[in-house]
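Chains A and B are the protein sequences, given in the same order. Just so you know, the working numbering puts 265 at position 265 of the first sequence, and the rest follows in order with no gaps. For the working numbering, count along the second sequence from 1 and bump the result up by 1000.
Mixed in with the good hints, there may be bad ones.
[As the list claims (entries may be wrong)] Below, in silico cross-link-like pairs of lysine to any residue (SDA-like), each with a Cα-Cα straight-line distance of 25 Å or less:
#, chain 1, residue 1, chain 2, residue 2
1, A, 118, A, 131
2, B, 1077, A, 251
3, B, 1110, A, 244
4, B, 1077, B, 1008
5, B, 1159, A, 244
6, B, 1072, A, 158
7, B, 1113, A, 234
8, B, 1018, A, 232
[Stated by the list, open to error] Under 8 Å between C-beta atoms, here's a sample of chain B residues computed to sit facing chain A:
#, residue
9, 1088
10, 1092
11, 1174
Calculated directly from the structure, the hints in this document are not laboratory data. Note that beta-carbon positions come from the ideal geometry of N, C-alpha and C, so glycine has one too.
What follows is each chain in one-letter form.
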Amino acid sequence: MTMLGNQIKKPSYVLSITLFFLMLAGIIGGIYYATLQIDYVWRWYRVPQYFLFHDKMEVKSEIEGDVSSISVSGKQTMITVKDTDQEESYVVTDGTLLVDEGDRIYPGDTLAFQKKWKAGILMQGLWLTLKVSFIAIIFGILIGLFGGLARISANPALRWSAITYVELIRGSPLLVQIFIWYFVLGTLINTILAKQNMWQVPPLWFGVAALACFTGAYVAEIVRAGIQSIHRGQSEASRSLGMTYVQCMVHVILPQAFRRIIPPLAGQFISLIKDSSLLGIIAIRELTKATREVVTTSLQPFELWFVCAILYLVLTFTFSMFLQYLERRTLSQ
Amino acid sequence: MIHVENLYKTFFVPHKVKALHNVNLNIDAGEVVVVIGPSGSGKSTLLRCLNQLETANSGKILIDGIDVMDPKTNINKIRAEVGMVFQSFNLFPHKTVLENITLAQITVRKRSKADAHDKAMHLLEKVGITDKARVYPDQLSGGQQQRVAIARALAMDPKVMLFDEPTSALDPEMIGEVLDVMKNLAGEGMTMVVVTHEMGFAREVADRVIFMDQGAVVEVGTPEHFFTNPEHDRTKLFLSQIL
Ligand SMILES: Nc1ncnc2c1ncn2[C@@H]1O[C@H](COP(=O)(O)OP(=O)(O)OP(=O)(O)O)[C@@H](O)[C@H]1O
Ligand SMILES: [Mg+2]
Chain A
1 MTMLGNQIKK
11 PSYVLSITLF
21 FLMLAGIIGG
31 IYYATLQIDY
41 VWRWYRVPQY
51 FLFHDKMEVK
61 SEIEGDVSSI
71 SVSGKQTMIT
81 VKDTDQEESY
91 VVTDGTLLVD
101 EGDRIYPGDT
111 LAFQKKWKAG
121 ILMQGLWLTL
131 KVSFIAIIFG
141 ILIGLFGGLA
151 RISANPALRW
161 SAITYVELIR
171 GSPLLVQIFI
181 WYFVLGTLIN
191 TILAKQNMWQ
201 VPPLWFGVAA
211 LACFTGAYVA
221 EIVRAGIQSI
231 HRGQSEASRS
241 LGMTYVQCMV
251 HVILPQAFRR
261 IIPPLAGQFI
271 SLIKDSSLLG
281 IIAIRELTKA
291 TREVVTTSLQ
301 PFELWFVCAI
311 LYLVLTFTFS
321 MFLQYLERRT
331 LSQ
Chain B
1001 MIHVENLYKT
1011 FFVPHKVKAL
1021 HNVNLNIDAG
1031 EVVVVIGPSG
1041 SGKSTLLRCL
1051 NQLETANSGK
1061 ILIDGIDVMD
1071 PKTNINKIRA
1081 EVGMVFQSFN
1091 LFPHKTVLEN
1101 ITLAQITVRK
1111 RSKADAHDKA
1121 MHLLEKVGIT
1131 DKARVYPDQL
1141 SGGQQQRVAI
1151 ARALAMDPKV
1161 MLFDEPTSAL
1171 DPEMIGEVLD
1181 VMKNLAGEGM
1191 TMVVVTHEMG
1201 FAREVADRVI
1211 FMDQGAVVEV
1221 GTPEHFFTNP
1231 EHDRTKLFLS
1241 QIL
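Pulled out of the complex, with its shape left as it was, chain B reads as follows (with noise of 0.2 Å):
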């Protein structure tokens, strides 16, 4: 399903980072990986190279055989099938949590009023957030936000659903209900990119489990290898910080 090969993404501004180095990584259809790693190893560049907020300077990036960094691919058709979930949420704060769910069911895939409208019931049913829809953003906790987040993704029935660090921006307590959905999401069978310290959730969920370090994947394993017995010293070193 995602297809990396030979990956780099350099920043030049402020100054030269290099945010990914050579990553090759290939994700098949239905898997839930998880990645893990210190604070700016390149998890979030990864993500965002998917799906092409951020530009890779060279490489090759494959989503359901379409070439994704190919200057002739409509990019925002590309978009519609991977759904991105923010730490910070990044609801629309202007519009109801109903039309935060049906804006781009309406504007980008096409549907009437009324499916998208349904569509959108339904999923909130499935995100346990039925009575808010008529609610503006800022009125819900961060959980349900997080949990509106998602439903706004699943709208448009992607193939594929990335998380950038979805719980670490919520208070505890509201961690659970957004793992919850998520658990649900995979077992279900969507293929899942997750960015996550959750450890919990990769033990019970990720099909693998990736450690990146310095823009570079350095382990790549079951989540039974890395709580047992994993490889690198620097994989070791941040287990022992995180867990």
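In isolation and in its complexed conformation, chain A is listed as follows (with noise of 0.2 Å):
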């Protein structure tokens, strides 16, 4: 329907797509071309590694005795290590034997190397931003349900708690909250939990706090909207019918409410998934700071930095993709 005001003819929009993979390739061209001139030197196979990395471990005796027996059953060989008044038997899966049967070994003699798959360092980071920002998304949730309730509630104590939190949160950037949740409020907590001898918090969740904290806040704004967004006879009419509040809320307002709010949800968590990245600043190692981390050892910013941010589209893209098959469920009953 809202094409129909500028539509375009055949030939024209062949020449627009085509006009479009142009510019594409002139700008990938020209970025390549003038890497080329600062002389650098693209090395895309050197990134996999920090996804998923063959680990060599070894496998240390740690008594003192002769090999007794080498047992093969498929890829998984045993080593048994035997003295006069001990035994111990080491299993070893995949591996590179270094000894033979009779060998005399002693404490730390190395018997065998075991290769393992392990995740790198992006892995993990990128692991690590999926798990705050999945933790911080919950609780924004919750703090913002209520908060747009409390922002709506006829108690005035409620309601003005609930527009401080907001106005307080919206009004100052992300970067100084999470400064002020790690070094005020951490240092304050850490320390009181210190004097009583006691576990300390760490940093991962004094982040993961200021940013649910920060959601929190426009999530009951968006709930807030979604809920005066439903027309007052459907209050008025299942309150008629004698049922409570929460009755009311939790049967009539609130589902009409989800489906509406779901599309700005979904951007705000989008937003939250980036914003993570900020937590890098408190020695979180989430994906931006394991990247960081990497291009200082690996020497390859280029590469690495591309990597970092398609993972951020890839991770950003699932999820609006999961939101938006859940507005279409609701929306299809």
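From these two lone chains plus the hints, build me the complex, please.
Set out below in structure tokens:
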């Protein structure tokens, strides 16, 4: 329908598409050409190892003795070291043996190399970003739900608390809030805990708290708008049937509001996933911080920063697809 | 059944309006009372004060002997006894017809799902829409929606039914089907307060008609009285406009 106003004729349509791809190729080519000018060597093959790498682990003997038997069953090899008074067995999977039957072994000797797949720094960073975002989204929803309900509550104490919270959070930069959570609240809490000889809260949790509170304020406004967009007749009808405020909210208002707030919520949560990149400054090794560390060791900044950006894109795109699916499902019933 | 004494209600936003000005009213059990009056005369406000969708500034309302305006009264209990039908139906659009009728039965009356379901089907039969139990409200005509709304209110087994212009939002050809349901209900002895401009309905089933203007009850009488010799000039003027 909206296309009617500026319909494009077929030949010029093809021309436009061609232009688009030419432009894209031009930009990529341009960047590549520029990097050649500064003698940058692209080494994409170095990137995968930061996701998954084959770690070589040494299997060492803990006792002194003779290798009494080496038995192979499939990929597993069992090496048994035996002395007069003790015996120890080591299982090696998919490895290279360095000893033969009958060899004399001393504690600390390497019996075999064992290979194992391990998650690289980028993979760990990606996982942490996912984890932090997920937890912050869950708490953000809870805070936002209560914040939004408090915001339209008849009780002035609740209402004003919600307004203050929302305005404070929305009025200051997230970076500053993260600093406050970590350097002010974090120091306070952990110093007090230390004085009581108690467990220390790791930085991760202050980061999650900062993100959750930040998102919560925006979710509260989205929830408020969603609830207020439901016609007053709905709550009047349910209250006139004798339903309590909570019953009316749970069964009538929130289910209807939920459908309307999915799109703005999706935008908010996508922002949150991207904003989690700020947590690197308080020593949380999420994707961005992980990328920075890999850049300093690998000296391949160009490849790695592109990879980092693409990983965020994959996360946010998957998430937005999921929410679109959710939206379609709630609408189609 | 309903006793209203010196009821006052003033709105201050957006500007000061005396919506109810010293209203006194007695309605017996089984009585059908039709409330008429020009737009803005306070008819809706009166109805909404009866089930506390609106809080009056002063006065007294007793329903079945219980003081509705007493802060110690559990208002949700009263509301369950007082059914209300709105001009704009206000069905729950995310629930099927059946769920619309069972929801409050289950949450408020604590009936089992099966009982609520049976009751709903019985009421749908009564209002003549058995074949639409599983559809959503937006697939129904206005007249059907209003009949579902009546069934939803009746499912609570109310002692009183309030109707606020139940047919005003309907196409003319659908008014009859809703009025028929209401007539049947009156015939069964339900206590009803009906705000309507359908004078045919008033003439046929009302025990009493109340004419309101500018927040006050101007004239009360039988339908007979209103159609033959209304007393006040304002009543005459209003009736001459709508008849
Ligand atoms: N929530 C409200 N806030 C402010 N003023 C209101 C509110 N509800 C009603 N009023 C005012 O109170 C007066 C009485 O309104 P009410 O709705 O009771 O009239 P009514 O007789 O039902 O009219 P209608 O036939 O148009 O429905 C009107 O002047 C109206 O503007
Ligand atoms: Mg009205």
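Hints and how they fare:
no.	hint	verdict
1	118(A) x 131(A)	holds (19 Å)
2	1077(B) x 251(A)	holds (18 Å)
3	1110(B) x 244(A)	holds (13 Å)
4	1077(B) x 1008(B)	holds (24 Å)
5	1159(B) x 244(A)	holds (19 Å)
6	1072(B) x 158(A)	holds (23 Å)
7	1113(B) x 234(A)	holds (22 Å)
8	1018(B) x 232(A)	holds (22 Å)
9	1088	holds (6 Å)
10	1092	holds (6 Å)
11	1174	violated (19 Å)
Consistency note: the structure conflicts with earlier hint 11 alone.
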